[in-house]
Amino acid sequence: MSEEKVSQSITVIPEQDVISWPIAFSVSMAGIKRRFSRAMITMLGVVLAIAFLCYMLVNQSLVASLITLEDDRLNILLQNNGVDIYGSGEMDQMTILLLCLTLLTSLVGIVNAMLMAVTERVKEIGTLKCLGATDQFIVRAYFIESTVQGICGAGLGALLGLVVATIGSLAVYGSYTFTGFPVGGALKSLLLSLGAGAVLSILAAIIPAFLAARKQPVEALRVEE
Amino acid sequence: MSEVLVSCKDVKKTYVMGKEEVHALAGISVDILKGEYVSIMGPSGSGKSTLFNMIGGLDIPTQGTVTVEGHSLADLKSSQLAWFRCHKIGFIFQSFNLIPTMTALENVSIARIFAGASPAQAKEDASNVLDKVGLGHRLDHLPSQVSGGQQQRIAIARALVNEPLIILADEPTGNLDLKTGEEIIAMLNDMKSRLGVTIITATHDMKMLSSSDKIIRIEDGKVKRVDTQADVKVKVGSIDGLEVM
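Residue numbers (the numbering used here), protein chains in the order written: chain F, 76 to 300; chain P, 34 to 278.
I should point out that these hints are in silico values taken from the structure, not numbers from a laboratory. These numbers were taken from a predicted model, which means no experiment stands behind them. Keep in mind that a hint or two might mislead.
[Said to hold, decoys possible] Heads up, incomplete: computed chain P residues facing chain F, CB under 7 Å, no partners named:
(1) G68
(2) R118
(3) F124
(4) Q127
[Claimed, not checked] Selected chain F positions facing chain P (Cβ under 10 Å, derived; list incomplete):
(5) R110
(6) R148
(7) K198
Heads up, the beta-carbon is just placed ideally off N, CA and C, and yes, glycines get one too.
With the hints as constraints, model all of the structure from the sequences given.
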């Protein structure tokens, strides 16, 4: 900074530049890092929902794969566990409904957590706007925060679901799990769960991010801590 | 004679609360010259914060005009107002308003980034300014890890980093002890004389009044009186019954 004042009179006030995504990303990540425990709680909702989804998907593909082994002893084990070995192997409607409800609950959970984050940080948003932050910057920062939390949660959840499904299968079907382990199917389930988690968290991020950006600095600054 | 930097002409602000209309500002006209140190005084609810927000481009008047450097703020789009706040105004708040998850360096450099500097450049500029306010050794501390006075100095560094035209300080010493408050006032005075920045403060602090070029007293949304430094010196002893010395 020079000692001399450099602000010059200008004829037209220009529009504020939009801060690039990478900079908004680093600002958001610093926030997540320092509010880590809070971020973990927000993430937990996604982890559990996606773990459940991934567990169901992996389990289904495992059972389908075990049926194709056509081992008599295994078939008895499968039937003892309530598997219809002559069935289509597809999920029944109740299971699909249960999965949808779980995902919806998780969606509401993230929206709620992010709305609380916005309310808590109203003053911060007001201050950033005083410093020259545009609405787009605020949208980007909150959008990134929510999406990063959602995708990390989805990744952890998908892994958790895979591990639990494998352990569950090992406990019931023992070494058959390895002989008939559907690598492709498991991978597909993982990716599907991850994708569902990503879509979920991006959807959940939209409303809070826009609400945050709409806060007028003047009302935001009036908030008492 | 210095040029007029901020000009408020018959500024009115009316809030509608339920069925009632509240006149926060009931026709205020003041001019503030370039390089002046102006104190705005008034009881809470008098409208001084509203006037503050108008000058800072945070709020627009219901009637009348606020011009800064000849630009009528009410005519600007929100992205132009963001540019204006970023490049022309440095805000200092009573409760410091630092971002709690950012270090001192990040709190200052974010303002530079908004002004278009690269992250590396922003860090360099921020650390230079923090050094000047005596916090060169506290760059990586979070606001919660430093004292109130140091937090306000971080806020001053943040307000200065983009070399603004006007510093708007809302009760900058309100949350500080006497000695720290004096340090902050000295720092504002120094900024005015060294950088030629126009300083507008809302204050109850008598020590701030003695360094002001102009004191605008507001009551019920109207200017009650404007005193110059000469007026204050003549009336040493009291301003409307309040002891100065």
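Handout entry: Earlier hints that do not hold, by number
Key = Violated hints (numbers, rising): 1, 4 and 6; every other hint is consistent with the structure.
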